[in-house]
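Generate coordinates for the entire structure from the input sequences, incorporating the hints supplied.
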Amino acid sequence: MSYSTKVIDHYENPRNVGSFDKADQDVGTGMVGAPACGDVMKLQIKVNAAGVIEDARFKTYGCGSAIASSSLLTEWVKGKTLQEATEIKNTQIAEELALPPVKIHCSVLAEDAIKAAIADYQAKKAVQ
Amino acid sequence: MDGVMDNPFERFGIAPIFDIDEPHLAETFRRLQRVVHPDRHAGGSEQERQRSVEQAAAVNEAFRTLRDPVRRARCLLALRGVDTQEGVRTFRDPVFLMDQMELRARLEEAREAPDPLGLLSEVKEVLQKRRVALIGEVSGFLRQDTPESLGQAAERVRRLGFFERIAEEANLLEERLTDCLPRGGMD
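Those sequence lines, one after another, are chains A and B. Under the working numbering, the first residue of the first sequence carries the number 1, and numbering increases by one thereafter. Under the working numbering, the first residue of the second sequence carries the number 1, and numbering increases by one thereafter.
Please keep in mind that the hints were generated in silico from the structure rather than gathered at the bench. Virtual Cβ for every residue (Gly too), placed ideally from N, Cα, C. Certain hints may be false.
What the hints assert, rightly or not - Computed footprint of chain B on chain A; a stretch qualifies when at least three of its residues, placed anywhere within it, have a C-beta under 8 Å from a C-beta of chain B:
1) 26-33
2) 102-109
To be verified - So the derived label-pair ranges between C-beta atoms look like this:
3) B:GLY13 / A:ALA123: 47 to 55 Å
4) A:PRO101 / B:GLU108: 26 to 34 Å
5) A:PRO101 / B:GLY13: 38 to 46 Å
6) B:GLN33 / A:ALA23: 55 to 63 Å
7) A:ASN48 / B:ASP68: 45 to 53 Å
8) B:LEU117 / A:ALA126: 42 to 50 Å
9) A:ALA49 / B:ARG106: 35 to 43 Å
10) B:GLU164 / A:TYR11: 22 to 30 Å
11) A:GLN128 / B:ALA133: 35 to 43 Å
12) B:GLU27 / A:TYR11: 44 to 52 Å
13) A:ALA50 / B:VAL132: 45 to 53 Å
Take a look at the structure:
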């Protein structure tokens, strides 16, 4: 199986690698994993008062497709409202990166990660 | 898993339980291997030879499942109608995943560390401890054999999937490190 040039680009030059302070009230953290392949993904968003995602970070241990999916997603969510970010579908990620069928689950993992990050942020705001 | 699954416990004539007698398992494997070995049927008809090749493969496959605790647990769960759903279910326990991230980060650090093999063996020790503990839990949950406990066993099998992967990474790293070390350069 060969990776698409977009996957290779994200793999070699991953965008927004790193992390925010998990305890920060403006940060939402999504941690997800895929038992079948052992991939682990952390995706974090920093949300401003207007409910817009200002910045995003990720750290992924996994294959090139998993890294590319999360890297791409951090680029996409920046500047989006939480609602807009919720609407991102794994199929859009898979299409953009030209993922082969066996790697679709990597894009599912990324979609689950952003949803988990948003849920974490909203849970923090709810208790405030 | 479909209904025509070969039941490895039946093939080996042992009770379908998790805590199996390992020496007995190995002994049974050798006995079955002798019985079905294609060399024993070399003089037989084409059909007999074909059948013996198939039987030998099935015995090997059953042994692979029975000897490995994770495969064995997966098989027992399947026999009780519980799918571990490792391929379809995203794992979300943040505490467990954070621990996985830390272990992976330590493996990465080992690559660059002044004493990579020392760090690596520390990580491998932690991996082994966690794995043994999880297998112990799987054993307990399978013994309880309630719908609730089988669900818990499946959850532990999913956790073990992450440990299988990270152990592979650790072994790869170990191979690379031991290959790269100058001969006689370490004392």
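Structure-based check of all given hints:
no., hint, in the structure
1, 26-33, "holds (count 4)"
2, 102-109, "holds (count 3)"
3, B:GLY13 / A:ALA123: 47 to 55 Å, "53 Å, holds"
4, A:PRO101 / B:GLU108: 26 to 34 Å, "30 Å, holds"
5, A:PRO101 / B:GLY13: 38 to 46 Å, "40 Å, holds"
6, B:GLN33 / A:ALA23: 55 to 63 Å, "58 Å, holds"
7, A:ASN48 / B:ASP68: 45 to 53 Å, "50 Å, holds"
8, B:LEU117 / A:ALA126: 42 to 50 Å, "48 Å, holds"
9, A:ALA49 / B:ARG106: 35 to 43 Å, "38 Å, holds"
10, B:GLU164 / A:TYR11: 22 to 30 Å, "23 Å, holds"
11, A:GLN128 / B:ALA133: 35 to 43 Å, "37 Å, holds"
12, B:GLU27 / A:TYR11: 44 to 52 Å, "48 Å, holds"
13, A:ALA50 / B:VAL132: 45 to 53 Å, "50 Å, holds"
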